[in-house]
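Chains as they are written, first to last, in this note's numbering: chain L, 10 to 108; chain B, 10 to 144.
Calculated directly from the structure, the hints in this document are not laboratory data. Heads up, a few of these hints could be off.
[Unchecked claim] Computed list of lysine to aspartate or glutamate pairs in DMTMM-like fashion (alpha-carbon distance at most 25 angstroms, straight line): (1) K56(L) - D67(B); (2) K56(L) - E137(B); (3) K80(B) - E74(L); (4) K49(L) - E49(B); (5) K85(B) - E130(B).
Just so you know, these numbers come straight off a predicted model, no measurement behind them.
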Amino acid sequence: MLHIVNKSPSERNTLDSCLRMAKKGSTILLIEDGVYGATKGGVAENKLKAAMADIKVYALWPDLEARGMQDSVIDGIEQVDYNGFVDLVAADKNVQSWL
Amino acid sequence: MTESTGGIDMDEDSSGTIKKFAFVNRKAPYGTIYALESLEVVLISAAFDQDVSLVFADDGVYELKKGQATKSVGMKNFSPTYRALEGYDIEKIFVEKESLDARGLTADDLVVPVEVLTSDEIATLLDEQDVVLSF
Numbered sequence: 010m011l012h013i014v015n016k017s018p019s020e021r022n023t024l025d026s027c028l029r030m031a032k033k034g035s036t037i038l039l040i041e042d043g044v045y046g047a048t049k050g051g052v053a054e055n056k057l058k059a060a061m062a063d064i065k066v067y068a069l070w071p072d073l074e075a076r077g078m079q080d081s082v083i084d085g086i087e088q089v090d091y092n093g094f095v096d097l098v099a100a101d102k103n104v105q106s107w108l
Numbered sequence: 010m011t012e013s014t015g016g017i018d019m020d021e022d023s024s025g026t027i028k029k030f031a032f033v034n035r036k037a038p039y040g041t042i043y044a045l046e047s048l049e050v051v052l053i054s055a056a057f058d059q060d061v062s063l064v065f066a067d068d069g070v071y072e073l074k075k076g077q078a079t080k081s082v083g084m085k086n087f088s089p090t091y092r093a094l095e096g097y098d099i100e101k102i103f104v105e106k107e108s109l110d111a112r113g114l115t116a117d118d119l120v121v122p123v124e125v126l127t128s129d130e131i132a133t134l135l136d137e138q139d140v141v142l143s144f
């Protein structure tokens, strides 16, 4: 299952909810303000690293670049473009957007 | 001409009082419209010769992050505009230290020179204002 998070972890608890309810082996894609969660030194760094033992995490690089955060992405988080976004949606049988 | 200016006294050499305005910015850019709208209002306020301070706290500190490149998302990169504020005599830019720390940022990561203040100092600054506008 693909989980999409588009809210900043330092403004909303959306990423926390997602991490709490995502099964092992699922995938998380961080987009829009959600990409702040993928950055070093941010509030979500440690819990996201812990989750990455069981969950694959991606971040949308156009959104990272727009926010000037492209050089501070946590190691192990894979960056995708819009085509990669489509591939992730197509790869899983269902999608949950944590709005 | 107060009828056409909503009652605001535009006469520069009259007794029109200068008030202390603080704009408090607490939202990241691009994800919502708050950051851009705040900047628009700040630029408008510059036309009225008021004592303007900008405060950046919480995710608002991300508005000033260097290296923003928005071509791929098809939005306007408005971060260079903060560097133009000096030309409008808006030079009081304050950033909350705790918000920078929580995001792994320092003043060196920001597009403009700022004064970094603690939460307590921000509290005092806000308390001294005549008008506080929140975004």
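Each hint, compared with the structure:
1. K56(L) - D67(B): holds, 20 angstroms
2. K56(L) - E137(B): violated, 39 angstroms
3. K80(B) - E74(L): With Cα atoms ~9 angstroms apart, K80(B) and E74(L) stay inside 25 angstroms; holds.
4. K49(L) - E49(B): violated, 31 angstroms
5. K85(B) - E130(B): Between K85(B) and E130(B) the Cα gap is close to 33 angstroms, so the pair fails against 25 angstroms, i.e. violated.
Going down the numbered hints, you'll see the structure goes against 2, 4, 5, while the others check out.
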